[in-house]
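*Asks:* Letter by letter, the chains look like this.
Protein chains: 2
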Amino acid sequence: MNSFLRIGIAGLGTVGSATAKIIQEQADMLSHRCGKQIEITAVTARDKSKNRKIDLSGVKWLDRPMDLATDPNIDVVVEMIGGEDGVALELVRASLENGKHVVTANKAMLAHHGAELFALASENDKILAFEAAVAGGIPIIKAVREGLSANHFSAIYGILNGTCNYILTEMWQNGLDFETALQQAQDAGYAEADPSFDIDGVDASHKLALLTALAFTGDPDFDKLETEGLRSITALDIDYATELGYRIKLLGITQNTEHGVIQTVSPCMIPETASLASVEGSLNAVFVDGDQVGTTMYVGAGAGGSETGSAVVADIIDIARGHRWQHKPYVETTTYAPKEARTGKFYLRLMVNDVSGVMADVTAILRDHNVSLKSILQYGHSVEESVPLVLTTHETKECGIRDAIISLRKLDSVLTEPCLLRIELLD
Amino acid sequence: MNSFLRIGIAGLGTVGSATAKIIQEQADMLSHRCGKQIEITAVTARDKSKNRKIDLSGVKWLDRPMDLATDPNIDVVVEMIGGEDGVALELVRASLENGKHVVTANKAMLAHHGAELFALASENDKILAFEAAVAGGIPIIKAVREGLSANHFSAIYGILNGTCNYILTEMWQNGLDFETALQQAQDAGYAEADPSFDIDGVDASHKLALLTALAFTGDPDFDKLETEGLRSITALDIDYATELGYRIKLLGITQNTEHGVIQTVSPCMIPETASLASVEGSLNAVFVDGDQVGTTMYVGAGAGGSETGSAVVADIIDIARGHRWQHKPYVETTTYAPKEARTGKFYLRLMVNDVSGVMADVTAILRDHNVSLKSILQYGHSVEESVPLVLTTHETKECGIRDAIISLRKLDSVLTEPCLLRIELLD
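Protein chains in written order, with our numbering: chain A, 210 to 636; chain B, 210 to 636.
No wet-lab data here; the hints were simulated from the structure. Treat the hints with care, as some may be off.
If you want the footprint, here are the derived chain B segments under chain A, 3+ residues with CB under 8 Å [stated by the list, open to error]:
id	region
1	240-248
2	258-267
3	289-299
4	354-362
5	469-477
Glycine included, each C-beta is placed from N, C-alpha and C at the ideal position.
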């Protein structure tokens, strides 16, 4: 047994640097925990001169990430470049093919290319570890893959994007509108300059695809996901949610139903008494329903350098300890439910011209799409010559209400993009 | 590599039976997950004729648990007998000495003999796994040992006993007194006929000793634990807690302080807005503070057959996968803080004769022990000719207030056992 585990790190951004720092500063503790000396052998990064507050003097700087894949003095390649394709994907492929283990936080790459990469890792008898790709420092991948391995799962759901949760928390706590809360998230460093991956729900969907693969299907399939972001939510919706006794949270939900797997990321109304309602700010929280253990919940920081670095290093320690696992631990089903099988209760808020006949037009369209209304809340506080029209539905087919919205958009009296929120009556 | 992992189970009570049932009924899933066929080779149980709703027809029934330790056809002994010493301890010792892995849920045994048994397991290069010993089905041992292995820990704390949490929840929700709530817990199957291990905090202390070993000291040391149970809490204290904006929860807390490790199990007042305050009924919840990841939280069922069986089987799968770990992953310190180093804020409720001079006597005793009062709440609703005298303190030395209580008990005007609760201002 080699008493060293030699690490090559590609990318020294926030998480890459934090990972390097933990490995260097905690060398003694880490070697006690895994029985091996963990050593950073080589790194690559775009800017060699940047001050990262880590001492890399004894470490080899390689010119290109791909050099790590062929370096004979590297056992584990840590891919911290990011991006769905490109250099990251090439590096991971080449590293596995050359017999190196890979640790990555790259959810985009795995959501799109996970099937190929997991197969490649298995063929080469190497580990492709990705604890850091989902829910930051929370060891949720390990919990599902190992801690709950005696269970068939029925559902995994939760708050998977800290930026969205921060924005929704700010909107609720401080009455901010979406744009202001987003700006604040950007100023606080929670959101990127281009925030679309976060606020459009794409980042959460990447993570959900990985949880679906782990719990149900073996392979992630991003195209089988319904994704909706936060852009249509206004301060008004936050207020209505409060009046209805709800909170709005962006939830990722993957379920194994009688019709097949349903995976959705969307803003949901949940009861203000639900456990998830009190998960605030940039925290992440994941619920797992298992047939033996029941529901278990995991909460913690979903992002941040040292928080995510904690997960990267945990994967490295697993590899050093010799832990191995099947990349497809058990395939429960590969069937996805058709869109027609999806049902739910919904909240719908329209901004309409306050003219006579609007209500009749709207309710007729909903009736024609077999959407059964539970309540109509029209409070009439006027916003720039338009008034909100707020409805909630009974359990209804999702495709029905979505088709209805297409018709509603065409009405002259419907002024802005409708806001449709799923109502999830969680505990 | 042997493609079978052969299991011997000692004890077919609730958890032992559930474990056997999962292994038998989920054979296909489990073998996919670990790459081996998991097979129950032999069992022992006190009563062979009892109907456990599991089919053990092809399984060897041995006469004595110790026969499992010497059976050459067993790779892993699952110890489900229970008890701190006696047969369970002998079986685990002999099994490890004979080169078998051991999986156990026996927190009492490990809290008292863990140091010896972990050393024995390491000497024999075998795993002694105990996920099921702490917090039932929640994979908290794995989280601390593996998922958070990049972290130094500062504290682990939470609700570790479902019976106590059930009783306290019932007292709070339904205004029950302690005896009625306990009876109800017994009727519901949450508490044993002899409930003292639960309600005196001993069970939670066993679990806390294991978490302390894992996070800080390497070995559990039950004698270095302060344990207090629920017996002094009345419906009155629940009411006062509510008035003060608090909830009462039995908390296990282990901390690595500048003076050394402090581990206590005691009923605490926590803000009603704290995350732990909303963990109700028989649920368990554990918080872990790590230097990289910050605080992560784990919630789920703390007891029950299939819930705990889930953890037992997860350990078996780990062993089948070939996962190995150090039984003392890292010793942070072996120093325990002296009693004098412990400080805290406290709630103290006395039942006193409503005669003049009582308040002066009580406050004089507290002053003499350097206990600084924050508030005096005397609501005067009389209970059988006595009145409650309720105080809260500023941060004070715990030994001071405990010595004060010894003096207070001697006052003729103090009628029943004082109720002392720590106030923990958790988030």
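*Asks:* Hints first: check each against the structure and report whether it holds.
*Replies:* How the hints compare with the structure:
1. A stretch counts as covered by a chain when three or more of its residues have a beta carbon under 8 Å from one of that chain; for the region 240-248 of chain B and chain A the count is 4, and the coverage holds.
2. For a cut-off of 8 Å, the count of residues in the region 258-267 of chain B with a CB near a CB of chain A stands at 0, and the three-residue condition is violated.
3. A stretch counts as covered by a chain when three or more of its residues have a beta carbon under 8 Å from one of that chain; for the region 289-299 of chain B and chain A the count is 0, and the coverage is violated.
4. Only residues whose beta carbon comes within less than 8 Å of a beta carbon in chain A count, and the region 354-362 of chain B has 7; three or more means the coverage holds.
5. Coverage of a stretch by a chain is defined here by at least three residues with a beta carbon nearer than 8 Å to that chain's beta carbons; for the region 469-477 of chain B and chain A the count is 0, and the condition is violated.
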